[in-house]
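So you can see what is in the structure, the chains are spelled out below.
There are 2 protein chains.
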Amino acid sequence: MKDNCIVAQSGGPTVAINASLAGVIDGVKKSNKYTRVYGAVHGIQGVLNDNLMDLSLMALSKFPMVNTLELSPAMYLGSCRYKLPDFKEDSSPYETIFKRFDEYKIAAFFYIGGNDSMDTVSKLNSYAKEIGSDTKIVGIPKTIDNDLLITDHTPGFGSAAKYVASTMLEIAHDTYIYQIPSVVIVEIMGRDAGWLTASASLARTDYSPAPHLIYLPEVAFDEEQFIQDIRNQLNSYRTVIVAVSEGIRDKDGNYISATTAAADKFGHMQLSGTGKALEILVKEKLGIKVRSIELNVLQRCAAHIASRTDINESFALGQAAVKYAAADMTGVMASIKRISNDPYQWCIEPTDVNAVANKAKSVPPEWITKEKNDVTPEMEAYLRPLIIGEVSLQYKNGLPMYLPVEHLL
Amino acid sequence: MKDNCIVAQSGGPTVAINASLAGVIDGVKKSNKYTRVYGAVHGIQGVLNDNLMDLSLMALSKFPMVNTLELSPAMYLGSCRYKLPDFKEDSSPYETIFKRFDEYKIAAFFYIGGNDSMDTVSKLNSYAKEIGSDTKIVGIPKTIDNDLLITDHTPGFGSAAKYVASTMLEIAHDTYIYQIPSVVIVEIMGRDAGWLTASASLARTDYSPAPHLIYLPEVAFDEEQFIQDIRNQLNSYRTVIVAVSEGIRDKDGNYISATTAAADKFGHMQLSGTGKALEILVKEKLGIKVRSIELNVLQRCAAHIASRTDINESFALGQAAVKYAAADMTGVMASIKRISNDPYQWCIEPTDVNAVANKAKSVPPEWITKEKNDVTPEMEAYLRPLIIGEVSLQYKNGLPMYLPVEHLL
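Quick note, the sequences are listed as chains A and B, same order.
Heads up, the first sequence is in the working numbering, so the first residue is 123 and it goes up one at a time.
Heads up, the second sequence is in the working numbering, so the first residue is 123 and it goes up one at a time.
It should be emphasised that the hints constitute simulated quantities derived from the structure, not laboratory data.
Any given hint could turn out to be false.
[Stated by the list, open to error] DSS-like cross-link-like pairs, simulated, lysine-lysine; straight-line CA separation at most 25 angstroms:
#, chain 1, residue 1, chain 2, residue 2
1, B, K411, A, K205
2, B, K494, B, K483
3, B, K494, A, K411
4, A, K205, A, K411
5, B, K459, B, K445
6, B, K445, B, K151
Looking at chain A on its own, in the form it has when it is part of the complex (with noise of 0.2 angstroms):
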C-alpha cells in the first residue's frame, strides 16, 4: 500500500514558498494518511536523480522547526528549471518518476511553484491517468509576479508587495530631506505582469505621495508622454518618485532597456537595466538630479519584512493540498478565493492545474489610469489587504535566524 509522499519545489524563490512547504509537513502530520514525509531536493529532478530528503522527524519534531521554516526565505529543498516534454514524445524522465512513486509508495506528489511548475502537475497527472497510476498530483501555487490564474492571488506577492512598499516609502523619507529638485525612479521586478510595481501605490501615506508615477508593462510606454509627465510633477513636487517595471515596452514590444534610452552621448548602445536607462534618459532631457534604484533580488527574498497574510495563507495553501490528495483528488491546485476585501475574507478551493498551466494572468486595463501612468484606487482596494500584519522573526547574533540549508551548498 502507498502511504507516503513527496514534495517539492520550483522555479524562482519567494519568502513564503517554505511556508508552504512547512503547511504540507504540518497537512500530513494531521492527516493520518502518510507514512513519510519526503523532500525532492531541486524540485522534480529530486525525483528524476533519486535526491530525497525524509521530512518526517520534521513533521514529528515540535513546533519551532517547522515555524522557522516557515519564516525562511526561497527555497529549502532547491529549486529546478526543468520542463518535462510531452510523454508522448518522450516518456522516459516519466517512466523513472513513476518507478521512484513506486519504490518510495509514494500516494502523493505536492509541486510548489508558478505556471511552469503546474504545466509539471498537468504533465505528471496526464501520465498518471495513462497508466492507470493512483499516485495524486497537486499543485501548490507560488510567484512573486501574482501572475497565475484562477487563484485570487499567489503566495509570495503579498510579502513582496510589502517589501516594495515599505523600501518605497523608506526611499521617500530618504529623498524628501534635500532641497534640490530631484527624480527617483525605482525599478521593480515583473518582465510581463505589472502586479509587483503596481503594489509601489501602497507606500502613499497622508503626507507621501510617493510614488508620484507609475508604469506598468501591460501598456505600452513612450518616452516623450514619461518625461512630460515628471515635468508635469515637478510643478507641483521638488521631488518626484517613479515606480516602473523592469519589463515597459515602447508600442513596438521594444524594451526600453534595449533602446536609445539607454545609448551613451557617443550613441553606442549600453546594456542596461530599465531603470538606468530612464536614469540617463531624464538627466538627457531634463538636466536634473535623478537616481535609480533596482530592488533587484531583495524584493523576493526579504523574508524579514515578510506579509504575515501571506505567510499565513501560504500555510495554509499547503495544509490544503494534503486535504485534497488525502480525498483522492489529483490533477488539482489549491487556489485562493476571496471573499471579499473589507473585512478581507478568503476561502481555499480546488482549481483544474490545467485552467492554471502556461497562462499568465495581467493586470487588467481598467485598473490602470487612462494616463497610463498610475493606478485606479480599485487596484489599491485589492492589494492592501495582502501586506497586512507582520512576522515574528528570531534574530541570533543580530541577524534573522532562518532553517540551515547546508544540504544545497
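Since chain A is already given, all that's left is putting chain B on it; use the hints.
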C-alpha cells in the same frame, strides 16, 4: 537671558540620525536649562534663512511621538550640504547666524552630522570665541560610513551594518537554491572607507559562508587577482558571493567603475557602478552566470531593520550633547568610547571637535587579510556588537509608521 536652543541635521541620511534628534529633545526636557527647543530646517541653512520649527511641544508631548521620531529614517528636519567660509575671509553668514541666535535667545546649538558638519561646529565655535558669544556649539556624530575619528563608531553605522549583513544572508539563501555555478556581486556604500562593506562578514553563519570574498577601498584592487580569487572559491563552492565597496580603486587610484572592466564587447566605455563593472568582467573572463546587486540607498534608509544598539546609542549621544552644553562645554562632539567587546560595554565622553572635523578614519590594514580579499576575526569582534538587537516598529496599513515629514515636501 538666553534660555533656548536649536538643533539641526546635516549631510547624508541614516536611520539613526532622528534617534539623536529624539535624544536632544529628551535631554532638553530633562535639563531644566532650556525653555524652547527649535529645529532648524535644512541644517545650518535653516538658521541662515530663519526656517525654524518649534519642537518644544514634541518635548512636552507624551512618549509616542519622540518614540516614533527615534525610529524614523532620514532627517526629520531635512538636510543640507553647506560649508561655511572661513570667517576671516567672509564673516557675513556668521553675522546672520549669531544675530539669529540672539534673536531667539539661543544658549546652545546642536549639530548632528559627519565630518563636514563637524567643520561647521568647529567654525561656529571659533567665531563665537572671536566675538565673545556665550552660545554653546556642540556636535553629535552620524554617518553610515563609520569614518569619524575618536568616536569608536558612528551612529547610523550599526543599523546600516545590520541591514547589509541581514540582506547578504537573504541573498545567500536566494542564491543557494540553484544547481548551476554562479557568482553574485553585492556593491556596498562607502567610497573611501570600507567599514560598511566589511560588515557583510557578519552575514556568515554555521551553514552559510557568504560572502566568500570581501574587497575594501583601503587596498588596491587587482582585476587579475580578483578573477583568480573567484576561480579559487569556485573550486570549493558552487556559488560565490562577493561583497565589494563602491569605492575600490586600482593601484593607480582609478575607480574600477570607470576602467576597462566596464567596456562593452565593442570596446566602448560604459558608465556603470562598480558591481556592474565587475559583473561584466566576471562574465567575460569566466563565462559563468553572474549577477550584481547594488544595495543603493536602502542600506541607509531601511529603518524597519535598524539595530537597537545603534538607536539606543544615537539617542544617548543626543542626550549627552545637551548635558555638555548645559555644563557650559562648547566646541565638543559627543563620542562613544568602547570599554569592551564581550560583554559589549561603552560610555560617552566629549571630544574636541577639531580632532574630528574634516578628517576620516579608514579600516586599519591589520584588519584586512594579507590576501586583501577578506577581513580578520578582530574586525568581526569589533563589528558584531553594533548590530545586536531589533526595534519594535508600529505598522499601519501594512507599512512601518514613521513620523510624517510634510514640512519637507
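Verify the proposed pairing of B:K494 with A:K411, using a straight-line Cα cut of 25 angstroms. violated, 35 angstroms
Between the alpha carbons of B:K459 and B:K445, is the straight-line distance 25 angstroms or under? Within the cut-off at roughly 17 angstroms; holds.
Starting from B:K494, check that the Cα of B:K483 is at most 25 angstroms away, please. holds, 19 angstroms
Holds or violated: A:K205 and A:K411, Cα atoms, limit 25 angstroms. This hinted pair is violated, its Cα atoms lying about 46 angstroms apart.
Straight-line Cα separation of B:K411 and A:K205 no greater than 25 angstroms? holds, 20 angstroms
Is it true that the CA of B:K445 sits at most 25 angstroms from the CA of B:K151? holds, 11 angstroms
In summary, the structure is inconsistent with hints 3 and 4 from the numbered list given earlier, while agreeing with the others.
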